[in-house]
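Residues per chain, in single letters:
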Amino acid sequence: MKPAVVTALVLVLVVPRPAAAYLKFGVTAGGRAVTLKWRQIPVRYFVSARSAVPGVAVADFEAAVARAFARWEAVPTASIAYSYGGLTVAHPGEDDGTSTLGFENHPELDRVLASTSFVIDEANGTLLESDIFFNASFDWSVAAAGETGRYDVESIALHEIGHFSGLSHSALGETELRAGGGRRVLGAEAVMFPIAFAAGSISGRTLRADDIAGISDIYPTGDFSQTGSVSGRVTKNGQGLYGAHIVAFDPATGDLVGGFSLTARGEFSIGGLSPGPKVIRVEPLDDADIDSFFDASTPIDLNFRVEFSSRLAVVPRGGDSGAVELSVVSK
Amino acid sequence: MINGRALLATCMVLCGASLVSAQSFDLAGRYEVAVGGQWLGASSLGTQNAALTMGSGTALNLFQTTSTFGGTLGLEARVARRLTPRVDLEAFGGVARPAIETSVTNDFENAAPVTASDTVKQFAIGGGLLWYPPVHVRATRVHPFVLGGAAYLRQLHESDTLAANGAEFDGGGGVKIILRSRASRLRTVGVRADARLAVSTRGVAFASGAIVRPVLTAELFFRSQP
Numbered sequence: 001m002k003p004a005v006v007t008a009l010v011l012v013l014v015v016p017r018p019a020a021a022y023l024k025f026g027v028t029a030g031g032r033a034v035t036l037k038w039r040q041i042p043v044r045y046f047v048s049a050r051s052a053v054p055g056v057a058v059a060d061f062e063a064a065v066a067r068a069f070a071r072w073e074a075v076p077t078a079s080i081a082y083s084y085g086g087l088t089v090a091h092p093g094e095d096d097g098t099s100t101l102g103f104e105n106h107p108e109l110d111r112v113l114a115s116t117s118f119v120i121d122e123a124n125g126t127l128l129e130s131d132i133f134f135n136a137s138f139d140w141s142v143a144a145a146g147e148t149g150r151y152d153v154e155s156i157a158l159h160e161i162g163h164f165s166g167l168s169h170s171a172l173g174e175t176e177l178r179a180g181g182g183r184r185v186l187g188a189e190a191v192m193f194p195i196a197f198a199a200g201s202i203s204g205r206t207l208r209a210d211d212i213a214g215i216s217d218i219y220p221t222g223d224f225s226q227t228g229s230v231s232g233r234v235t236k237n238g239q240g241l242y243g244a245h246i247v248a249f250d251p252a253t254g255d256l257v258g259g260f261s262l263t264a265r266g267e268f269s270i271g272g273l274s275p276g277p278k279v280i281r282v283e284p285l286d287d288a289d290i291d292s293f294f295d296a297s298t299p300i301d302l303n304f305r306v307e308f309s310s311r312l313a314v315v316p317r318g319g320d321s322g323a324v325e326l327s328v329v330s331k
Numbered sequence: 001m002i003n004g005r006a007l008l009a010t011c012m013v014l015c016g017a018s019l020v021s022a023q024s025f026d027l028a029g030r031y032e033v034a035v036g037g038q039w040l041g042a043s044s045l046g047t048q049n050a051a052l053t054m055g056s057g058t059a060l061n062l063f064q065t066t067s068t069f070g071g072t073l074g075l076e077a078r079v080a081r082r083l084t085p086r087v088d089l090e091a092f093g094g095v096a097r098p099a100i101e102t103s104v105t106n107d108f109e110n111a112a113p114v115t116a117s118d119t120v121k122q123f124a125i126g127g128g129l130l131w132y133p134p135v136h137v138r139a140t141r142v143h144p145f146v147l148g149g150a151a152y153l154r155q156l157h158e159s160d161t162l163a164a165n166g167a168e169f170d171g172g173g174g175v176k177i178i179l180r181s182r183a184s185r186l187r188t189v190g191v192r193a194d195a196r197l198a199v200s201t202r203g204v205a206f207a208s209g210a211i212v213r214p215v216l217t218a219e220l221f222f223r224s225q226p
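As given, the protein sequences belong to chains Y and E, one line each in that order.
All the letters of the first sequence, read from the start, carry residue numbers 1 to 331 under my numbering.
All the letters of the second sequence, read from the start, carry residue numbers 1 to 226 under my numbering.
None of these hints come from the bench; they were simulated from the model.
All C-beta atoms in this analysis are idealised placements derived from N, C-alpha and C, irrespective of residue type, glycine included.
Do not rely on the hints blindly, as some may be mistaken.
[Unchecked claim] Derived, one-sided and incomplete: chain Y residues facing chain E with beta-carbon distance under 7 Å:
(1) LEU186
(2) ALA188
(3) ALA198
(4) PHE249
(5) PRO251
(6) GLY254
(7) LEU256
(8) VAL279
(9) ASN303
(10) PHE304
(11) PHE308
(12) LEU312
(13) GLY322
(14) GLU325
[What the hints assert, rightly or not] With a cut-off of at most 20 Å between alpha-carbon atoms, the simulated SDA-like pairs for lysine to any residue come out as follows:
(15) Y/LYS331 - E/ASN106
(16) Y/LYS37 - Y/THR221
(17) E/LYS121 - Y/ARG317
(18) Y/LYS236 - Y/ASP286
(19) Y/LYS331 - E/VAL114
(20) E/LYS121 - E/GLY148
(21) E/LYS121 - E/GLY74
(22) Y/LYS331 - E/GLY74
(23) Y/LYS331 - E/THR105
(24) Y/LYS331 - E/ASN110
(25) Y/LYS331 - E/GLU109
(26) E/LYS121 - E/SER43
(27) Y/LYS37 - Y/GLU73
(28) Y/LYS236 - E/ASN110
(29) E/LYS121 - E/THR140
(30) Y/LYS37 - Y/GLY322
(31) Y/LYS37 - Y/PRO76
(32) Y/LYS236 - E/ALA112
(33) E/LYS121 - E/THR72
(34) E/LYS121 - E/LEU89
(35) Y/LYS331 - E/LYS121
(36) Y/LYS24 - Y/TYR84
(37) Y/LYS37 - Y/SER225
(38) Y/LYS24 - Y/GLU122
(39) E/LYS121 - Y/GLY322
(40) Y/LYS331 - Y/ASN237
With the rest of the complex left out, here is chain E (with noise of 0.2 Å):
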């Protein structure tokens, strides 16, 4: 479970600042469009053995197997539309290849270890909402956020041969940091950034069990008038 009050103070203290009181807020423009980069955390898709069954009815391990959904770095886009002066409402779409790696070893007849590795490309396109708490720092450019959201998720292996659809639900906090703020139609410039748990089900990689690891985000946006 997810504590929205830790993620929150998790995000004052990425931001070295300190929590005072409510001041004036300044994304108020309606439309928010973002890209940016993203790092995919790492997951352990589980042990497995390789068993061939004994006449005592007992396992005979030929070798055991462990496998990661590997780290990875991916492409973000996402625009936003403000829905209250604390709340937007976000579409996103996301590109990555993690990559499925099994270390084999424990052979019954001592052949070498061995670790064998499938590319997954990943697309996921979904949506969420993003709330500014009603706290400021004393950086007033600096803005906290928490979100959460929910996406398609479609993976495709190396050789385009097998393709999965599920679902990834994730959830975090992060802060944006205004670089320019003036009375144009791109009102506001700044950077965001955020970290994420993201639980997904049904992919490629295994598909017996949800796969949940960390994601950060690091994006530039453009937010427009009000």
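So here's chain Y without its partners, still in its complex pose (with noise of 0.2 Å):
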């Protein structure tokens, strides 16, 4: 039972990551796939003494830090917590028992704000360490406000910290491709959207309805069995389209949760949605890079045009919708 270091998501400054939904990290063991996640709450983590930038004092990153998981501690329908341990000496990203978050210098990652790296027990899927770094060659800030031309820390820790806690990335938002290359965020609804607002945005500081219902899928609580799921097919000439992505809005709170048609059938699943008629929505995952989601090797098709569903999908109470059929057609 050696454990494995996997490096894992990095907040991608200009590359293009498309808008929708939650997805969970995985491992397979024994066969089957399971969730990434602590099994040991509250999670402890360290923030590295060195971890002052310009603007950022050690202890401004540290009260920033403790907002960012209080945020996530306070998701109602979600039972993580986390404690701090204090300041260390250890580096990010060193394999040492210990999950560090802290500022590292790394200009040749010009396109990474922030990055988080896991160690698992690969027989059962339990998160052992999760380290946060922030690339010390930004520039950052920790005002109230957020300030011009200066990546909040908050925000971005509050991204990373869902990562750390074994959320992947939700593709709910909106892109557009800049001239210089890369891509600009027009919109999202989920902290987790794999691109970073502008520098100085804090509009990043705010938990989506995605977001707390992918953080409550993996540490529910026992109010997480009020909610209910939405479940499907998205097909396109009759055959099973893999890596579409799924949007279920809620008309009656304007709540939006994404998903993924995960198998070669088309099937996918949305939980923790709210009760009631839902709005179900296809597009093709042509915002950004199939690999912010899905591994570079599986062949996803974009060469469809969004639809909604004709029928509203009625979410019950701790059950599913039953199954949803999309057809969608070529553009």
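Two independent chains are provided; combine them into the complex using the hints.
Structure (structure tokens):
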């Protein structure tokens, strides 16, 4: 049972990541997929004693990441909890048994604001250690209202702590190509959307319905049993479509929660939804790099039009909507 | 606020009758049974934006929805017991299958507009008071009334996977027209029509607010001997 180090999601500045739903990290153990998660809660974390960059003192950094941890902890339908172990001389990324957050200078990673790495028990998917490094080669801020030209520590920490806790990326967002390459985020409705808002923005400090559904799915409390799910199938020319992005929208509350079709038959399931009717939308993953969400070797069909289901999917309390059939056509 | 005088006047106009001085009252039977149909009017459930948050904190709409609780026909039955010569206590039940319809428009990626729907099975059981005001009409077989009541409401989605319970309060007015009246056990046979405004709360259709809609009812009634 040798732990294996897995380098996980990086926050890419300009690389496209389409908009949509939450994914969970997982490994195959004993022939079946298991979700990566912490089993010893509260999860203890440390801050590197060298976590100071211009404009951000170590104490500022500690306070900002504490606020970000507290936001995840405050989700009422999730049981995840964290505890702060204090300052450490360790570096983030070291396989030392302590989960460490801190700044590291990596100018060669010119599109990476921050990155999360894991040590996991491959036998059962247990997270044993997780480190987050923030790239000191960028300009950072902890100002309450944000600071022009500087990335907000709290916003980026909130995203990375989502990874730290076992969440992968959400595709709930829209981007546009930039003239110099890469993409710019037009809007996102998930902290776990892979591309950060522009420097100076603090819009990423608030967890959205998609993030809440995701973290609650991994660490559910009893209240989570009062939510339900939508499941169904996406087809094109009668064949299952893998990797389509499906969004469930609540016309009563305005909440958006997304998911993907994850089998060769095009089947999908989106959990953590409030009971009631939902509008279902399907779109191709054409806003970003496919490997932000799936293995790069997996063929993903992007050639289809955005469609809505012609029937409202009714989410029952503690149950599933029943099969929603989404048929798409080529562009 | 529903004004009783206005409702009564409306009923009079609907009957094509004019108010005259009080005359003898001809619905004195102790019990009444009525069955018939009802029309439940449509009601708006509002507009909602599927909004993404922009870096500035403002919203970028992915698409927009406008939802309605559709109009539909249903069945209604009621029994009444005379409390006083001019007041009946009623119990009633009704079933209907209204549809929730959500129109989706203005998609950010130009998806074709669509209307998504779901049919709801709706059951109501309740009670109320019906009052015959001390007026009469020239056509002596026509009897105006005003009524108000409350009902327990149960709504079940098409897939039978989600049910919700709520309450409905209604008020309005109408007329009873006697078709036949004789000295038998079923002394009086007639038709009844009323118009009401119904306010329902906490139903499955967007539980966040009350739904107000018009209801029209037409029934055949049978009234026992005094």
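To see whether the hints hold, each was checked on the structure:
no., hint, in the structure
1, LEU186, "6 Å, holds"
2, ALA188, "6 Å, holds"
3, ALA198, "5 Å, holds"
4, PHE249, "5 Å, holds"
5, PRO251, "4 Å, holds"
6, GLY254, "5 Å, holds"
7, LEU256, "6 Å, holds"
8, VAL279, "6 Å, holds"
9, ASN303, "14 Å, violated"
10, PHE304, "11 Å, violated"
11, PHE308, "4 Å, holds"
12, LEU312, "4 Å, holds"
13, GLY322, "5 Å, holds"
14, GLU325, "13 Å, violated"
15, Y/LYS331 - E/ASN106, "18 Å, holds"
16, Y/LYS37 - Y/THR221, "15 Å, holds"
17, E/LYS121 - Y/ARG317, "18 Å, holds"
18, Y/LYS236 - Y/ASP286, "16 Å, holds"
19, Y/LYS331 - E/VAL114, "18 Å, holds"
20, E/LYS121 - E/GLY148, "24 Å, violated"
21, E/LYS121 - E/GLY74, "10 Å, holds"
22, Y/LYS331 - E/GLY74, "43 Å, violated"
23, Y/LYS331 - E/THR105, "19 Å, holds"
24, Y/LYS331 - E/ASN110, "12 Å, holds"
25, Y/LYS331 - E/GLU109, "12 Å, holds"
26, E/LYS121 - E/SER43, "16 Å, holds"
27, Y/LYS37 - Y/GLU73, "15 Å, holds"
28, Y/LYS236 - E/ASN110, "19 Å, holds"
29, E/LYS121 - E/THR140, "40 Å, violated"
30, Y/LYS37 - Y/GLY322, "28 Å, violated"
31, Y/LYS37 - Y/PRO76, "18 Å, holds"
32, Y/LYS236 - E/ALA112, "17 Å, holds"
33, E/LYS121 - E/THR72, "11 Å, holds"
34, E/LYS121 - E/LEU89, "27 Å, violated"
35, Y/LYS331 - E/LYS121, "38 Å, violated"
36, Y/LYS24 - Y/TYR84, "24 Å, violated"
37, Y/LYS37 - Y/SER225, "19 Å, holds"
38, Y/LYS24 - Y/GLU122, "15 Å, holds"
39, E/LYS121 - Y/GLY322, "18 Å, holds"
40, Y/LYS331 - Y/ASN237, "13 Å, holds"
Checked against the numbered hints above, the structure violates hints 9, 10, 14, 20, 22, 29, 30, 34, 35, 36; every other hint is satisfied.
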